[in-house]
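J.: Let chain C serve as the given structure and place chains U and V on it in line with the hints.
From first to last, the protein sequence lines stand for chains C, U and V. Residue numbers for the first sequence follow this note's numbering, beginning at 1 and rising by one. Residue numbers for the second sequence follow this note's numbering, beginning at 1 and rising by one. Residue numbers for the third sequence follow this note's numbering, beginning at 1 and rising by one.
If you're looking for bench data, these hints aren't it; they were derived computationally from the structure. The C-beta atom is built at its ideal place from N, Cα and C for all residues, glycine as well. Do not rely on the hints blindly, as some may be mistaken.
[Unchecked claim] Distance windows between CB atoms, simulated:
id, chain 1, residue 1, chain 2, residue 2, range
1, U, S25, C, A278, 29 to 39 Å
2, U, K170, C, M257, 21 to 31 Å
3, C, R362, U, D57, 24 to 34 Å
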Amino acid sequence: MKTRLLVGSVAAVLAFSGSNALADKANDTLNVAFTKELESVDSYFNSAREGVIFQRSVWDGLLYLNQETGEYEGNLATSWQWVDDTTLELKLREGVKFHNGEEFDADDVVYTVNFVAKPENGVVVQRNVNWMKEAVKVDKYTVRIITNGPFPAAFEYLAGPVSIYPNEYYAEAGPAGMALKPVGTGPYQVESVEPGKHFVLKRYEGYHDSPKGAASIGTVDIRTIPDVNTQLAELFSGGLDFIWGVPADQAEKIAAMGRFTVANESTMRIGYLELDAAGRSGDHPITKAKVRQAIAHAIDRQAIVDSLLKGKSKVVHSACFPTQFGCEQDVTTYDYDPEKAKALLAEAGYPDGFSVDFYAYRDRPYAEAMLSYLAKVGIQANLKYLQYSALRDMRFKGETSMSFQTWGSYSVNDASAITSQFFKHGAEDFARDDEVLAWLNAADTSVDPAVRKENYSEALKKIADQAYWVPLFSYNSNYVFTQDAEFTPTPDEVVRFFQVSWKQ
Amino acid sequence: MLAFALKRLGLAVLVTLTVSLVSFSLLFMSGDPASAIAGENASATDIEAIRTLYGFDRPFLVQYTDWLFSALRGDFGQSYYFKLPVADLIADRLSTTMLLGICGISFALLTAVPLGVAAAVRPNSFIDRLALFLSVMGQAMPSFWFGLVLIVIFSINLGLLPPSGSSSWKNFVMPTVVLGYYAMPAIMRLTRAGMLEVLNADYIRTARAKGASEWRVMFKHALRNAVVPVVSLAAVQMGFMLGGSIVVESIFALHGAGYLAWESIARNDLPTVQALILIFSLFYIVFTFLSDLANAWLDPRIRVG
Amino acid sequence: MPGSIRASGWGEAMARTIETVAEEIRSPSPGAMLRRRIFGHYGLVFGIAVLTIIVLIALFAPLLTSHDPYTQDLMARMKPPFWMAGHDPDHLLGTDHLGRDYLARLLYGARISLAIGAVAALISGLIGTAMGVAAGYFGGKVDLVVTFLINVRLAMPVVLVALAVVAILGGSLEVVIVVLGLLLWDRFAVVMRSSVMQVRDLEYVNAAKAIGCSVPRIVLSEIMPNVLNNLIVVATLEMAHAILLEAALSFLGLGVQPPTPSWGLMISEGKQMMLFEPWLIAIPGVALFILVLAINLLGDGLRDVTAPENRG
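Bound-form chain C, shown alone (with noise of 0.2 Å):
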């Protein structure tokens, strides 16, 4: 009875044409919703996407990264230069009012630096501000930032994760109250706070002269659903107007339904295996070289991306995202061959396989595909599918041989953010090779373009030679909306609302 209800329901669906969507148009409102429950709004105390996408329209950073050009411009600063290597001089922009009437000055970046940077003040991803050593005022309009040591990569963090607080209010309020009533500089305004639930963003009429331009929608309204079927159930009744991170296998549907525009944007986040090269978790076959180049070919890739993720995705060869700064491509690559792989196998010594542990926090479909092809060539590969933070444990203990890794480098489009972040020997480096490590630390820490260059294409050389990492695939995602809308994907995955129009 079920069934012919679902299919009946379905065929119904199919043939239902849009005609409750007008409706929110009308009432100038996008619904939207978030899949995750944000711990806190204050961007310096959450790690999610959705925090990210939250703070980029109720913040501003100082600079702003022009999508399409990719050029830096100047959004609550107007000029910068660095002084030395370590000393970054702003301008900052003038008659700029916080949400709360509250004049943005110096004092505002100073104060909002001098926080973030001390590390007991907890902010959560500790990587995007502990790069700054403090902030200094100069005059009403001119700021100082003083790193810790050179950092190429400083604009990539002014222009994403640094947003600037207001001075006073965030001194009163701190981190809880800013959860609660956030005010910044940004498009958008809050309106109001359910945490965790629900948030009612509204346009900020007193926008300042942007590179991000003025927010178009009067309102959005976020609700968390954590269920992608609740969420296409809810945009399908007209409940929502714009959901993102939807899986392929739906997207496709949804297009051929011809109700939602449904677009797709490559993201940088990439997929890679995790192979202790370095023998953290015990003496294993993973060990050899010639056994990790057998994983590498065994696994086909290519149709995985063909038939998983679809899509802008690609198969990548290299640990890094490919457009990323000092991402070399060219570096040894591993075709799809079960027959060589097999030879490998013999060769290091296990003409039957051998059976292991396979983690993975994620995209169980992707790993269970890569399971199979590894049975094929005779490695038994045992599925552990565990929380994220549990699996990190376990990971920072050493504890894994394989594991299934994804890492989206927070959207910054340089290769310190992923290839020296697990390369340079903390504990989620599996490698812990000395090479590896002084090339990376040469190209983190030089200001010159070509030293960086070649140090990391040198890194990047040594770890595919060695099948350190198997490379995997680039991730996608789909952005589904009303047809009423109009919005345009980037590839930082950041989705921008004051970037969203209606159609006229």
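T.: Showing chains U and V alone in chain C's frame:
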């Protein structure tokens, strides 16, 4: 009666303490919460600092008594994830779950008791068969499945009810039905059995023989007696239901305590999970305590012991 | 109410609640009523027949399909089943999201779902029966302790605790079975306790005591045969319960690990596409529904056959 009530209360307290100990040790074994607090990008040294700061390196009993005495004062600590007091967080979410639980049990009682009575009064009738069919279905159908089917029919096809959220009464219709349906078979079965038993009892025959109207016999005499075990069962089911609303809340995106529990487990947010297990247990303990008192009052055989 | 509400005091205070649970088991079931009213006398037969078929399917799965449930074909994903347009005759029930034969997964999945139900019921049955029999036979302090433990167990929210434990240990077939087994013993204990109480003072038991039989002997040869019917009824109910709980855990992503084909996992994997390819969850969903229905009908039928005095 008073002695019974006091002993029953003493038992309730003892059970509560044991449950808290069990849940605390269970989660204590789960390993290191420091990493969960630190978030996705912490280094190993960050995590070590947090471990010391929060006192996770202290012995088990010290941590437990510390937690228990704070809990007695209504302080369940800070949520690792939201960085808010757990008590505030739960107070905020509990109202949704309570409302859902009350609606669910009311729905179950309002359908199961009349159906059970009708089935007992008119065995083999259409109503009896309908009741049996509904209850057999309810026993074998997973509630998440039922919920998804309702969404497809009433939200997508008919557009009558919103699939998610908690902004109006309409949002609660489907979750209520799904949750209530879970408790319905047992209540209906018990009502029907109780009514059948009572209707055959001597005093009902006497009442009928004395010419009392059928309605009067049914409601004044029969139902009143048949309802005694149903009260207990409803209390037990209500306790189960609050703990079992996790699936329903996650499907309908109701931000209640059940959903909070599920998310907190996924996030390794131990203070929240501990507090929620304790609170769900407390509900069960309080409901069964009250129902035992109600039963003792309804059924004098129990009070005299 | 059965007459086991004994002398006032702690025992009584504790026994009140759990008697409700026992009452629910002993009261006539919808299956029993259904048997008489809808299927005539065939409810039990239906239950046994369907369950037997499912067991046979599980045992002989390799003979029933030539496909391997683990072989994936990414080029042939989500092929529809035979009653829909565009189906592949080679895949009678279509293929799943990784192009694996759905029929093969369903047939092999019967093994897993049955194993989960049977082994979880066995574990909880051993624990619950031991506790219930001890409480019922010895009474006194033993009964107090057991009754207290049952109360504690009933107060713990099962789904929540199971989720927390599985999340901690990581989902796997063994973990799920053991966790469910350790959580579902309450009804066994409750029912065994009150059943044993009813028979322990009967004449033949007293006679066995008088001639000096050992306690295990009395329990095994005199008491158990007389309470076996109740034990079997609870076992079937708990088996069905365990199967449904595993499905719920799988739905929340914490059940059996892929690629093992459990029906709960198949529903969970098919859920993603439920609005577009509803047959992906309908097929394992219907299978699960039939299995649970059959087990329940079997249990209800057994109760009627073995304990005629309990008919309503």
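J.: All the hints need checking, so say for each whether the structure fits it.
T.: So, going through the hints one by one against the coordinates:
| no. | hint | result |
| --- | --- | --- |
| 1 | S25(U) <-> A278(C): 29 to 39 Å | 36 Å, holds |
| 2 | K170(U) <-> M257(C): 21 to 31 Å | 25 Å, holds |
| 3 | R362(C) <-> D57(U): 24 to 34 Å | 31 Å, holds |
Of the numbered hints stated above, none is contradicted by the structure.
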